[in-house]
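Peer 1: Okay, here's what each chain looks like letter by letter:
There are 2 protein chains.
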Amino acid sequence: MSVVIVGSVALDTVVTPAGRREEALGGSAAYACCAASLFTQARLVGIVGEDFPQEHRAFLESRGMDLSSLAVAPGRTFRWGGTYFDDDRERRTDFTDLGVFAEFSPVLGAVQRQAETVFLANIHPRLQLQVVEQMESPRLTLADTMNLWLDTAREEVMTVLDRVDVALMNDSEVRRYSGVRSIIAAGRRLRERHGLLSAVVKKGEHGAVVVSADDLFFAPAYPLDSVTDPTGAGDAFGGALSGYLDSQPAVSPATFRLAVLYGTVVASFVVQAFSLDGLRTLTRSDVDARLRELLAMIRVPEFG
Amino acid sequence: MSVVIVGSVALDTVVTPAGRREEALGGSAAYACCAASLFTQARLVGIVGEDFPQEHRAFLESRGMDLSSLAVAPGRTFRWGGTYFDDDRERRTDFTDLGVFAEFSPVLGAVQRQAETVFLANIHPRLQLQVVEQMESPRLTLADTMNLWLDTAREEVMTVLDRVDVALMNDSEVRRYSGVRSIIAAGRRLRERHGLLSAVVKKGEHGAVVVSADDLFFAPAYPLDSVTDPTGAGDAFGGALSGYLDSQPAVSPATFRLAVLYGTVVASFVVQAFSLDGLRTLTRSDVDARLRELLAMIRVPEFG
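The listed protein sequences derive, respectively, from chains P and D. The first sequence: position 52 = 52 (the numbering used here), numbered continuously. The second sequence: position 246 = 246 (the numbering used here), numbered continuously.
Chain P with its partners taken away, still in its complex shape (with noise of 0.2 Å):
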């Protein structure tokens, strides 16, 4: 088994509380496959430019992933920039540098688009959509998108929905989209009006909520005292999730509950760090024992 992950690798310049890095490793891709890494073998798809330093290239190896489908053009890397301050989950973009990314126009070998699971992290739609029509039968497609996309490019992030199995939103995006404040019901409108399996929506520090047409399943986040980067922590749930899944032999509402929780989990890592510097080290067995602190925090006992 494995799964496909396409998404943006960048070199990100990031400003919060905790600190400043620039030009570390980032990008949804990047994030999402060391994520799926812990648990499936991952496919990366992408593109970089020839400043891509070969230190985050032996890096992104050394966890194990396929880069065979990571294009590497003449021209600069995806560069992005942003802060985030106190007490607030939105962040700003200083800037953002498509470089390489402007042009780019995915295509995966034979051993990725017979893959079994597909993620398509964040991206433009229609790079989501390039990658989905290559695929030869996925059992599982899922995509993650954003508030960008719903304004720049809302016919194209409509196709995609139409075409996944899974589709992941966060708490704003997903209320913005439907129109109800509610989640529960904002996920509801979701996942009926595209037929989906299952609407995931991302609620950061609140965990997330799962919305399928026979399960409703409240995840928690894993409580963290500090948040060193929120980066990636999306990029990081959404492909702990596929790569989770992909891991499995069928995709069963239990199985779905405990890939969301793995979800939470990895993004605790994330954000532990700058950079993917939480994931560096990471083993399956560090993910698995704080799986069980936090399942021990969330058991309810027995009930008439």
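Because the hints were derived from the structure by calculation, they are not lab data. We put the CB at the ideal spot given by N, CA and C, even for glycine. Any given hint could turn out to be false.
To be verified - Ranges between beta-carbon positions, derived for each pair:
hint	chain 1	residue 1	chain 2	residue 2	range
1	P	S285	D	S226	40 to 48 Å
2	D	F303	P	E133	33 to 41 Å
3	P	A102	D	D288	38 to 46 Å
4	P	Q272	D	P249	19 to 27 Å
5	P	Q272	D	S62	47 to 55 Å
6	D	Q114	P	R292	26 to 34 Å
7	P	G304	D	S137	18 to 26 Å
8	P	L295	D	P249	25 to 33 Å
Said to hold, decoys possible - Which stretches of chain D does chain P cover? Using the computed rule of at least three CB atoms under 8 Å from a CB of chain P, they are:
hint	segment
9	135-141
10	219-233
11	271-281
Given the coordinates of chain P, work out where chain D should sit on it, guided by the hints.
Peer 2: Same frame as chain P, but now just chain D:
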């Protein structure tokens, strides 16, 4: 077994995005006692003026509670007015008219003094202390507090906290009290500083967190599509929690977890209607049915 609950009995004028009610039955003890009465014998300690409507008294009696320590004094019943806004957990207090509360000094009868459980609902900490001091040997003492008293009577709040087993605070209060942003760290500080059995942090629509010496529990709120009137949610949460614990042979971590979930479930009925209307005809089996629904949404699979 029975629970003594001291707090306010009020006539509330409330404006919410869903409408407006004038001189409706309210007050922390009214909400908490109605909630506790679903589980055990509740005994209300409070005061009203001679203008307190007979229909409100009849309603409280109809819910099975003991009103023999509800004093009636010459003068006006406590009145409170507040406005709630969309997408905002904070409320604006429009007016407070203490009335007979200005001179209240609670005196408990023999049956109240011998109760096994005491819940000090939100009211001036001096009154909370007067009640604690009259109790003979309660098995469990719980106290609710709020910002107002942390500002105006901090020393008395500290004394109350030193005297009780369980403290309830909302998230903004416990952060302010402790000076730390992490709810868990704040709850731990509160618990340790006052030698509490448990600190319960209420997070409104995001549920509650229990920090005990030997347990940490995350409870979600029962999800609602919309809220009609948030007044009394925290009071009902505390009343249901106290009432359920009173009804149990012992207070174990598992019992406490279930008590907190009962608290969120009863609070969810309260906020679906104005004033106490959500509890008017509510039965224990309605509550159990919703609890089962909530348990189904949060139950986690077995894991290695």
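Peer 1: Hint by hint, note whether the structure agrees.
Peer 2: These are the hints, each one checked on the structure:
1. Against the hinted window of 40 to 48 Å, the Cβ-Cβ separation of S285/P and S226/D comes to about 44 Å, which satisfies the hint.
2. A hinted range of 33 to 41 Å holds for the C-beta pair F303/D and E133/P, which are about 37 Å apart.
3. One distance hint, 38 to 46 Å for the beta-carbon pair A102/P and D288/D, is violated here, with the actual separation near 59 Å.
4. At about 42 Å, the CB distance of Q272/P to P249/D disagrees with the hint of 19 to 27 Å.
5. Between Q272/P and S62/D the C-beta distance comes to about 53 Å, which sits within the given range of 47 to 55 Å.
6. Between Q114/D and R292/P the beta carbons are some 44 Å apart, a value that contradicts the proposed interval 26 to 34 Å.
7. G304/P and S137/D have their C-beta atoms about 31 Å apart, which leaves the hinted 18 to 26 Å range violated.
8. The hinted window of 25 to 33 Å between L295/P and P249/D holds, with their beta carbons roughly 27 Å apart.
9. Coverage of the segment 135-141 of chain D by chain P is violated in this model, with 0 residues showing a Cβ closer than 8 Å to a Cβ of that chain against a need of three.
10. Under a criterion of three residues with beta carbons nearer than 8 Å to beta carbons of chain P, the stated coverage of the segment 219-233 of chain D is upheld, 5 such residues being counted.
11. As drawn, the segment 271-281 of chain D meets chain P at 0 residues by the rule of a beta-carbon pair under 8 Å; below three, the given contact is violated.
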